[in-house]
Amino acid sequence: MDYVIEIENLKKTFEDKEILKGINLHLPREENLAVCGKSGIGKTVLIKCMVGLMQPDSGKINVLGKDMMNPSLKDLEFIRRKIGFVFQGSALYDSMSVRENLSFTLKRSTFSGSKTAIAERVEEVLESVGLVDAIDKMPAELSGGMKKRVGLARTLIKSPEIILYDEPTTGLDPATSMEINEMILDVRKSNKVTSVIITHDMNCVRMTSDRMLIIHDGLIYTEGTFEQLKSSDDPWISSFFNKKEE
Amino acid sequence: MNEVSKFRHTYNWLPESVVDLFIEVGELTRFTGRFFKELFRPPFEFNEFLYQSYIVGAKSLGLIGLTGFILGLVMTLQSRPVLIEFGAEAWLPGMVSVSIVTEIGPVITALICAGKIASQFGAVLGSMRVTEQIDAMEVSGVNPINYLVVTRVLATTLMVPLLVLYADAIALAGSYMAVNIHGNISATLFIFDVFDVLHFSDFLPAVVKTVFFGFMIGIIGCYKGYFAGYGTEGVGKAANTAVVSASLAVFLIDLIAVQVTHIIY
Amino acid sequence: MKMNRIKSIKLGLFVSIGILILILGIYTIGLRQSIFGTSLMVRGIFTDVKGLQVGSNVRFAGIDIGAVSNITIINDTSILVNFMLDKDVQKFIRKDSKAVITVTGLLGNKVVNIMPGSLNSEIIEEGDILPTDQGIEISDILRELEKSSRNTSAITRNIIDITEKINRGEGMFGQVFTDTIFSQNLGRISVNTAELTDNFATITDQIINERGLIGHLLSDTSLVKEFHQVSDNLTIASENLVNIVEKIKQGEGIFGKAFTDTSFLQNIIFSSANTKDATKTLAEITNQIKEGKGFINKLLMDSTFSDSISTTLENLNRGIIELQEASDAVERSWLIRLFSGSKKKERKMRKQ
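Residue numbers (our numbering), protein chains in the order written: chain V, 50 to 295; chain Z, 7 to 271; chain W, 1278 to 1629.
Keep in mind that the hints are not guaranteed to be accurate.
BS3-like mimics (lysine-lysine), calculated; alpha carbons at most 25 Å apart, straight line [stated by the list, open to error]:
{"#": "1", "chain 1": "Z", "residue 1": "K43", "chain 2": "V", "residue 2": "K156"}
{"#": "2", "chain 1": "W", "residue 1": "K1387", "chain 2": "Z", "residue 2": "K65"}
{"#": "3", "chain 1": "V", "residue 1": "K66", "chain 2": "Z", "residue 2": "K243"}
{"#": "4", "chain 1": "Z", "residue 1": "K122", "chain 2": "W", "residue 2": "K1284"}
{"#": "5", "chain 1": "V", "residue 1": "K109", "chain 2": "V", "residue 2": "K131"}
Quick list of the computed label-pair ranges, beta carbon to beta carbon [stated by the list, open to error]:
{"#": "6", "chain 1": "V", "residue 1": "E126", "chain 2": "W", "residue 2": "I1283", "range": "33 to 39 Å"}
{"#": "7", "chain 1": "Z", "residue 1": "H268", "chain 2": "W", "residue 2": "R1420", "range": "26 to 32 Å"}
{"#": "8", "chain 1": "V", "residue 1": "A189", "chain 2": "Z", "residue 2": "E30", "range": "29 to 35 Å"}
{"#": "9", "chain 1": "W", "residue 1": "D1405", "chain 2": "Z", "residue 2": "L254", "range": "51 to 57 Å"}
{"#": "10", "chain 1": "V", "residue 1": "K115", "chain 2": "Z", "residue 2": "L69", "range": "26 to 32 Å"}
{"#": "11", "chain 1": "W", "residue 1": "D1405", "chain 2": "Z", "residue 2": "V217", "range": "40 to 46 Å"}
{"#": "12", "chain 1": "V", "residue 1": "E231", "chain 2": "Z", "residue 2": "L69", "range": "48 to 54 Å"}
{"#": "13", "chain 1": "Z", "residue 1": "L69", "chain 2": "V", "residue 2": "T62", "range": "42 to 48 Å"}
Sample of chain Z residues at the chain V side, in silico, Cβ under 10 Å [said to hold, decoys possible]:
{"#": "14", "residue": "V10"}
{"#": "15", "residue": "I118"}
{"#": "16", "residue": "V145"}
I should point out that these hints are in silico values taken from the structure, not numbers from a laboratory.
All residues carry an ideal CB built from backbone N, CA and C; glycine is no exception.
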């Protein structure tokens, strides 16, 4: 099978505290994988290891055929062009307008195009997230949902093969969460991307994921489809679902 | 257990603060190394550099100018009685100009810049770190050191010397005013007196050391912000420690500069 | 964040003015040191540059006209100093203008002073070597001062030695000052001498001024003449007397009768003979005096001689007074007192 991400026995320690104790994960192309777990369990650490924002202590991590344990600068550049990362707090550059936020990467990446080509591409992507009107606004003027969408647009603008979502619906009202979920599905449909969605919002998992896994105590506790896990007999797993659905 | 903990455990007789200091100095040195590596790696973010220069230079001019003016005025007024006691009132412009150009101007300007600019860098980069903007930049394939740090450090390195020159000039203007409060001296004679005692051996080292002041203010501010801890506390701490460390660095450089100047001249 | 036009203008203004200040600063300082602008290079060889530095001013008639541009050691006694001078002053400096290193103010910088040369000498040219002169420096003055103070200290040491010896009673002065009887005698002698010389002085004074008996007697020439007449008269008188006596012998007149007694006559004859002898010697003396012979004459008649004696005596007198004063001063001086004090202490210590 064609895996875009392969992780074996991944370990990561912070200041004497072992966060990841041996994660094994295989992600096939064009799959939406939801990663669940309690807060602070190391989900974000896991996806940050995937793009080289963090260095794992030991194990094996392979993204799009590149070894990410000690990546060369060239590999890192390649990976970062292919992987989009939607941050929990959107992480928009707050000193720049929405337009500048989106064109920032394009101007500096290998995207070859004139100024007008860049401007066109920015508008095109903003249209796809329905925010053309906000093009000259500053991030501080945007609502949480709008920020998320701009963040997603900023990721989409470089047409990534993999998108990593870090808690895409956290802190949003249900209606906006719904919009974001639909957008994640839209993106997969139109761009044929593979996604890893970190969340503890079960609605999000249900709507967007093909498969989900739950991390507990630094290890993958269980994995399966949403339906499979929801009907699990394990009291801890079902408590997880019930709690989240409340 | 990671390596730092192992080190702490092995050398547990070393005070915690000393180990922290070593870590800090080591990290700062590595960060400086990264700065120089990125400095020569394209692309050069010229627009951002200009913007930072604007922030550091033009935007700080008012503050620097005001302090410089007051400094020149007060120094002259305070030196005057002492010089009169020695019957050397004619030396007033010369003495004040030498102390302003060689020491007071550079150091005071650098300290104000440490307060204004290093704290700003610490706060801005710290909050960018905390809100994952630096991560976002890195993931998007733009080197944050190149974009955020190189531009800022270059801006301070080049703008602080200019600010010092402004401060010197304005302080001398203040001094001229102070001299004229009591006596009456023509601007021509004042300028003559000032430049009569100033030599290249005073002027050039003073300018050169301000380049280092600017560099250290920039690099420390950026370092503290770049490696800010998470949370709003991390941002505050980054801004605060940036000011403290940068001010300290200014004095350390001054200490070295004075000796180096003596060796060279 | 984007740079907009206004920000660019502000930044541009800021940088331009800043660089202008830098250039002005460098240029103004440079102007003072004559690094820029047209200049003339001349040289001078000194044996000692006394702390002159590159950049030190060069002055001509008190005006800064350039700066020292280079100092190189040629060998152990000659140091080559290059000056960059303002081209405008070239015409005022002659080939025999001397370069002297001097100090501005008491603690000021070293400067090179170029002295005006002679008018018939040629005007200096690029690269010329000016004659030099070692100027006076504070340190030289101080060195002289140190030398003399060292001498002074040697002298005072000698004085201490001497006074020490005096105190210990060594040598003539020691005896003079320490032997109380001797010094008492000396004191008395000196008092007597003083009186004596005083008297002498007044006597000679009077003699010189022809006052007093001896003065009159011995210095008045008319008196001598009278003396002479007296003696002449005396001989006439005695001749007359002889005549009278003859007449008396023949028994003529009252006296003849009165003096026919032979014993009386015999006495008369004897005394007149004595008188004759006496007057003869008197006449001899006065003759001698008149002719300017003999010691007494010199003593009493020669005014220069008596003058010199009187000044001698006066000098002697003054000398003795001065000696007295000097000995008083020495006794009173703190140095001796200090020393004699410590001597006393020492003695006390020994007694204990």
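Please work out if K1387 (chain W) and K65 (chain Z) have their alpha carbons no farther apart than 25 Å. Violated: K1387 (chain W) and K65 (chain Z) sit about 44 Å apart, past 25 Å.
Restraint: V10 (chain Z) near chain V, CB-CB cut 10 Å. Satisfied or not? 8 Å, holds
Measuring from beta carbon to beta carbon, are L69 (chain Z) and T62 (chain V) in 42 to 48 Å? Holds, at about 46 Å.
With chain V as the partner, please determine if V145 (chain Z) meets the hint condition of a C-beta pair closer than 10 Å. Holds - the Cβ of V145 (chain Z) comes within 10 Å of chain V, reaching about 4 Å at its closest.
Are the Cα positions of K66 (chain V) and K243 (chain Z) separated by 25 Å at most? Given that 25 Å is the threshold and the Cα spacing comes to 24 Å, the pair holds.
If I claimed the Cβ atoms of H268 (chain Z) and R1420 (chain W) lie 26 to 32 Å apart, would that claim hold in this structure? The hint (26 to 32 Å, Cβ to Cβ) holds, given that H268 (chain Z) and R1420 (chain W) are roughly 28 Å apart.
Verify the proposed pairing of K43 (chain Z) with K156 (chain V), using a straight-line Cα cut of 25 Å. Holds - the C-alpha atoms of K156 (chain V) and K43 (chain Z) are around 22 Å apart, at most 25 Å.
Below or equal to 25 Å on CA atoms is what counts here, so check K122 (chain Z) against K1284 (chain W). 19 Å, holds
Quick check: does the Cβ-Cβ distance between D1405 (chain W) and L254 (chain Z) fall within 51 to 57 Å? 55 Å, holds
For the pair supplied as a hint, K109 (chain V) and K131 (chain V), is the alpha-carbon distance within the 25 Å limit? 20 Å, holds
Does the Cβ-Cβ separation between D1405 (chain W) and V217 (chain Z) fall within 40 to 46 Å? For D1405 (chain W) and V217 (chain Z) the Cβ distance comes to about 41 Å; the hint holds.
Could one say that the CB atoms of E231 (chain V) and L69 (chain Z) fall in the range 48 to 54 Å? Holds, since E231 (chain V) and L69 (chain Z) (Cβ atoms, about 51 Å apart) stay within the stated range.
The structure does not agree with the numbered hints 2, 10, 15 stated previously, though it agrees with the rest.
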